[in-house]
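*Asks:* The primary structure of each chain is shown beneath.
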Amino acid sequence: MPGNDQRLEIAMGLMLRVGVTVAALVVLAGGVLYLSQSSRPIPDYSHFHGAPAAYEHVTAILAGALRIESKSLIQFGILLLIATPISRVLFGVVGFTVMKDRLYAAVSAIVLIVLLLSFFTRR
Amino acid sequence: MNILLFSLEICLTSILAGFLGALTGLGGGVVIVPVLCLLFKIDLHYAIGASLISVIATSSGAAAAYVREGYSNIRIGMFLEVATTLGALLGAYLVAKISADWIGIVFGVVLLYSAWASLHNAGVDPKRTRQDALATRLNLRGSYPVQGGKEDYTAEHVPAGFGIMFIAGMLSGLLGIGSGAVKVLAMDQVMKLPFKVSTTTSNFMIGVTAAASAGVYLSRGYILPELAMPVMLGVLAGSLAGSRVLVYAPVKTLRWVFATVIVALGGEMIFNGVTGRL
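Chains as they are written, first to last, in our numbering: chain A, 3 to 125; chain B, 933 to 1210.
Don't read these hints as lab results, they were simulated from the structure.
Taking lysine to any residue and the SDA-like style, the derived pairs with C-alpha atoms no more than 25 Å apart in a straight line are:
| no. | chain 1 | residue 1 | chain 2 | residue 2 |
| --- | --- | --- | --- | --- |
| 1 | B | K1029 | A | H51 |
| 2 | B | K973 | A | P45 |
| 3 | B | K1029 | A | F121 |
| 4 | B | K1082 | A | A13 |
| 5 | B | K1128 | B | H1052 |
| 6 | A | K102 | B | R1073 |
| 7 | B | K1082 | A | I12 |
| 8 | B | K973 | A | A55 |
| 9 | B | K1029 | A | E58 |
| 10 | A | K102 | B | V1014 |
| 11 | B | K1082 | A | D7 |
| 12 | B | K1128 | A | R19 |
| 13 | B | K1029 | A | Y47 |
| 14 | A | K102 | B | A1065 |
| 15 | B | K973 | A | P54 |
| 16 | B | K1082 | A | D103 |
| 17 | A | K102 | B | R1069 |
| 18 | B | K973 | A | S40 |
| 19 | B | K1029 | A | F122 |
| 20 | B | K1029 | A | L119 |
| 21 | B | K1128 | A | D7 |
Can you make the complete structure from the sequences, with help from the hints?
*Replies:* Have a look at this one:
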């Protein structure tokens, strides 16, 4: 049913736009805060040391964002951004299930599992 | 130079990259990584981390506009995302295993290919040759608007298309780019999908593909918030502006200008990689 397909796509597109807008606003707020607080010289970015642990793990980022720490707030916005396409796939699982398209409900579920795997791999 | 000025410079560069990336259809990621590395002397890992985030933002931001036109195909997109996300996981894993110099060389080659592809994608629909049983079973078909009605299409060479999509995903995870050029190659040239269907569906898939490597990037510390912030906001703003003026822009001239820039950056990435400077 192409009509339903189109509706599902439009809903997915709308969700993506909302997600990106919210994420960008959070990043912008964190960015303004970060720039208003920092007057130190630029850190050395030419060698790789890895981001501090506070910006690497979801729980640490959430804790920092709650304290309104500027860089944690930016990272929280980035988490929201990453969550946007993931929720689009989740939406696909639900949408195809409702449309009784078992094959594509399963395909969407596989994609969702791969996406979540990314968050459970460690160094 | 202080942090404010530094962030502003990165942001302005990112706006320009996003703007040109949208006008030429190549995306901002392919140009922002070499610029951050070569011009701003930022480590390659931080550069691809910031770029990957901007790729998610632009893909998701543009998708809503594409969907309404009715060209993109969610089933084909979702099916191929199985390949791209698996590839992206592998690519993101490989970043830590391969030296920055080698990644730079691969990046340079992809830049050169993207420049070549952007000048040769004439936008003509491929000739369809045969019915594909696998595509029919997987329901990889649809119809798209043409002048005076709708035209039906079915995908072809599904296994080959799936394989190339895996490579596209791997490059996306390894280089922090959308690798839209390779995705369109798989759909347009191999699976023989109509050009508009390939480009719009590919754009839809880029965000999901990039999200698959994002978790790995985050836990390995490739994403520095203070660098990702100006890059993401800049590329997003630039690409939104670019897609607005697309209809008025001298696209053909721009493609040549951008391709020249990309060839220069690609050459320099390869040179720096070969001489061990990355």
